[in-house]
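Undergrad: Using the sequences and the hints, build the whole thing.
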Amino acid sequence: MPTIYYFLTGADAFGNALPADQLYTFQHFFREWWQLAAFIAVFIPAKILFVVVQAVAGGSTYIERKVAADIQRRVGPNKCNVGSFLGEFARICQNNGARPGAGIIAKLMGFALGLALPLLDLIDKVLAKLAPGVLIFLADGVKLILKEDIIPAAVDKPLFKAAPTVVLVSAFGALAVLPYSDAWYAADFNIGVFFIAAVTSIEVLGILMAGWSSNNKWALLGGMRSAAQIVSYELPVGLAICAVILFSGTMSMQAITYDQFAFNDAGSALSQGWFWQWNVFNPFMLILAPVYFLAALAECNRTPFDIPEAESELVSGYHTEYSGMRFAFFFMAEYAMMYATSAIAVTLFFGGWSTGIAPLEHALMVAPAVLQNGIVVQAPQFHWLGTLIHLLVFALKTFALVFIMMWIRWTLPRFRVDQMMTLCWKKLIPISLFCLLGIAAWMIVRMLLIQRFGVEAIEGTLFWTRFVFAFALIGWLVWYFAKPLSKEQREQREFASAGTF
Amino acid sequence: MPLVTDNLAEPKEGIDSEQMVLSMGPHHPSTHGVLRLEVVTDGEVVVSARPDIGYLHRAIEKIGENIDYRQFMPYTDRVDYLCAMNSNFAYALAVEKLAGIKVPLRAELMRVMAAELNRISSHMICLGALAMDMGAFTPFLHGICHREKVNDLFEEVCGARLTYNYLTIGGVSYDAPPGFIDKCEQFADYLWPKMVEFNELISGNSIFQDRLCHVGVVSREQAINWGLVGPNLRGSGVKWDLRKDEPYSIYDRLKFDVPVGDGGDPRGSNPNGALGDSYDRFIVRVKEVFESIKIVKQVCAMLRENDKLPKDNSDRQHQAKLPIRLKVKKGEVYVRSENPRGETGYYIVSDGTDKPVRMKIRTGSFSALNCFEEVTRGLLIGDVIAVIGSFDIVIPEVDR
Amino acid sequence: MDFDAIYHRTKTRFPALEAPPLEAGERICVLPSAEAHAVLKFLKEDPELHFDSLMTLAGADTGKEFWVVYPLHSMTHRHRFLCKVVLPRDNPECDSVVDLWAGANFFEREAFDLYGIKFRNHPDLRRIINPPDWEGWPGRKDYQFPREYHGIETEREDQFFQEQINRETKARELAARRVSEGKV
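Protein chains in written order, with my numbering: chain F, 27 to 527; chain V, 738 to 1137; chain E, 518 to 701.
Just so you know, these hints were derived from the structure itself, not from any lab. Mixed in with the good hints there might be a few duds.
Capping the alpha-carbon separation at 30 angstroms, the derived lysine-lysine pairs in DSSO-like fashion look like this [said to hold, decoys possible]:
| id | chain 1 | residue 1 | chain 2 | residue 2 |
| --- | --- | --- | --- | --- |
| 1 | E | LYS528 | V | LYS799 |
| 2 | E | LYS561 | V | LYS1092 |
| 3 | V | LYS981 | E | LYS561 |
| 4 | V | LYS976 | E | LYS561 |
| 5 | V | LYS1066 | E | LYS581 |
| 6 | E | LYS528 | V | LYS1064 |
| 7 | E | LYS687 | V | LYS799 |
| 8 | E | LYS528 | V | LYS1066 |
| 9 | E | LYS687 | V | LYS1066 |
| 10 | V | LYS834 | V | LYS976 |
| 11 | V | LYS1092 | E | LYS528 |
As the structure is a computational prediction, the values presented were derived from the model and not from experiment.
TA: Structural data, given as structure tokens:
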């Protein structure tokens, strides 16, 4: 904010000193009462966002455990149920209220909760069927908070204490610019994507601090590996982001979403909001989306890139010496990064909050997007129901990618350090560079064709080309996964034809 | 893929670096037991990884000198608790050879059935643990799920789920309960497609192959010289299986193949690797499970035939008749049998009394740890874990 | 080749070999301790015999003497041959065979650890199973378990432990009696 800049330096951005009466000092900054209130009010949505994401991150530890259990053919957590927790609490109050020496408040509470017991048991039965053991994440959180805060004697205390905070801040910082819906976002910087790349790279500092300050060779190894990994994989991430920026012409997250939503003005009103207008259906973007996804997995230290936390080698890597809530910070930061990077992938490649079904979008639209020369100059406005649906769609898409991350974690083994580096430097970076150049070439060709043939014709052609490409791709995917087994595979699965006796 | 260490031969000028001494201590997240490795690394490259054992030494051999031959059978379970039946088997064979005891056919059949089922369950743990060390958590749990069924079968037949004490000198403790043979056959039918699924999940995974191929290569001559046995030896290309080459019990009547490592062969199971690398040893164990399933089915058929004999027939007995005090003639014997981890050899010296003078237990994991330092020189830390897992080292066998 | 053929082939080269008969079990050949390494080298390198696999290397304490037993096996010819070296009770020393079979390394360390048999020319002869500062040779028949180790007492003052001590004393006396009566 310019005011803070002036406040700190006494000069404007070009180094010209400001006249003294135009300098803002602190008392001038807040000389009106409502300015202070506005300043504080900025933090409220941030706080709400923080709490919501923490809850979601915590809840997804439960989902991860259930997904893991399903893949591993077991049940997973199923004992910590909402109803059982409340029911136990109610029974304890009832018993306490019925004791001879109970006070009036205890008696009242016991009586009231005793009345509520049948309802709580009913909730227990219903919820336990839907989501058995869902409160395990709260139970784990409470347990971690109540644990003894062990700080080993030989660690570097300031670094040790600061490291989890740094990692958490960097993971949560990216959430500020995500477009959760068309009208709901915390902040829409015009350098949104750049901000994300910058903020998430602070994580490396936190991890290095954790590894170094632990005064433990294994933690140091883990920290070093993680730093090398994250710094290396910043490059494919950055190149993918550059390609999208080039393609969309803007760094603002909302603007990228609008660009995917309203791709062109090709004639009819139903041309805005189709799913084949999403970025991913461009051939170079189609290659870049998995590249970004893999690099995002590496940023989150998830398997197959979880070398820094490789249990069997390094006990726990850089967070070996952390216990209790400090460990929980690292843990939450990992989940928050998963969500943040998935959300970024959704925004950049998969259309953000757009449902992809144009008739639905048009039914919910109050005012369509206005384009000029293929660039959105006025955002589409939606009915409040539309905004809500968009929020749900965004959440669902993000969660689908997070689910894929979890799925991959429980299926694949992990890379060795040099294989991981080879993958990044020798495979992902050349691919992303190639795609970046391809996108640049695409933009140039498009510009030349527009100059030759005019915007309408080109945008119309692109619309229908995209349509064909998208359906061809989806059709091929369906065929590939649904085709029957080959003869060899069928034979291998049957007992009688395999092996000799 | 060339090893990272290929161009580390020359020391770099002007770079001041120290070697780091790490202790992969006795408390280990990998499920291999209490093994301590003194690892000296130069960055990520291992300069030397010396094993330090003895944390699980229980002086089983010395105990064997103080108790009766028959009393020693439960101790053999604990020599390698993952394949307790096979450990029992080796000891029983040694004492029977020394004492000249003939085992009835039914007992032989039950012994082989128990040994092969235990081989399957032991390999489930080994393969699963190797996959888990490589970061794939799922195959281990699938293996445990299959192993539970084997444990249930064993619980029916002898009451225990881990250390069975099922074999005795001269036979087995209990005959097969009713329905046991059907359940074994059902298990064999259940497991074959599950092993195919296991293969699809992890064996063909290119990340897994990248982790294991060209890692810890042991050549043929080295394997024999270092005394490696079992799947470790077969993974290096030596076709040697005690069940085929020095057959004992009824193995000469059973038809099964002996899988051998074929790394580097483009038409084999390890086209991307080298002969004798970790992936070869892994694949040999996977194939051995299939072979054991075949053996289980054959033994089920033979048991069914044996069921038809009358009860007082000597072949239908599950335990040979022995005197109350088993006096063994004076002599020495070295007998070995095929363990999932190699061979278990018993060298027993007897002086004509009912207690042995010396009982030496030779196990495959001990030899595998012997060559560990040589094999892991120049590998990365992640490869050290792969080598431990692919050698299938369990520490109770090493320390005894 | 069976035991007799191998034994005679080796005895022509090294006449000091013996193969006493046994009541049961396998026949085993006794090597003279001075020439043991040479005999084993011959057994390994002779093309007809070619014992390229040392199955195990066992130290043994019979009460009267120490044995080092070498069960040998040939992968090429698929035959086996057991031989042993008899060592005196005081200061047992033997030549190491690590240069012939690298697999003997840990086995010899174990024999050293349990019986105190020193192997000459072993690259790294130190204790393997017991802690490096352990005193005594635990495998020997006359081994007394130490009363304390680094301040940790090994004997307790309760009846159960006393019974165990009595049992161990009796076993030790029995072993000593067997030795003195020449039953081993």
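Undergrad: Hint by hint, say whether it matches the structure.
TA: These are the hints, each one checked on the structure:
1. E/LYS528 <-> V/LYS799: The hint is violated at about 34 angstroms.
2. E/LYS561 <-> V/LYS1092: violated (34 angstroms)
3. V/LYS981 <-> E/LYS561: holds (24 angstroms)
4. V/LYS976 <-> E/LYS561: holds (20 angstroms)
5. V/LYS1066 <-> E/LYS581: holds (19 angstroms)
6. E/LYS528 <-> V/LYS1064: With a Cα-Cα distance of about 34 angstroms, the restraint between E/LYS528 and V/LYS1064 is violated, given a limit of 30 angstroms.
7. E/LYS687 <-> V/LYS799: holds (16 angstroms)
8. E/LYS528 <-> V/LYS1066: Status holds; Cα separation ~28 angstroms.
9. E/LYS687 <-> V/LYS1066: Holds, at roughly 24 angstroms.
10. V/LYS834 <-> V/LYS976: holds (26 angstroms)
11. V/LYS1092 <-> E/LYS528: violated (33 angstroms)
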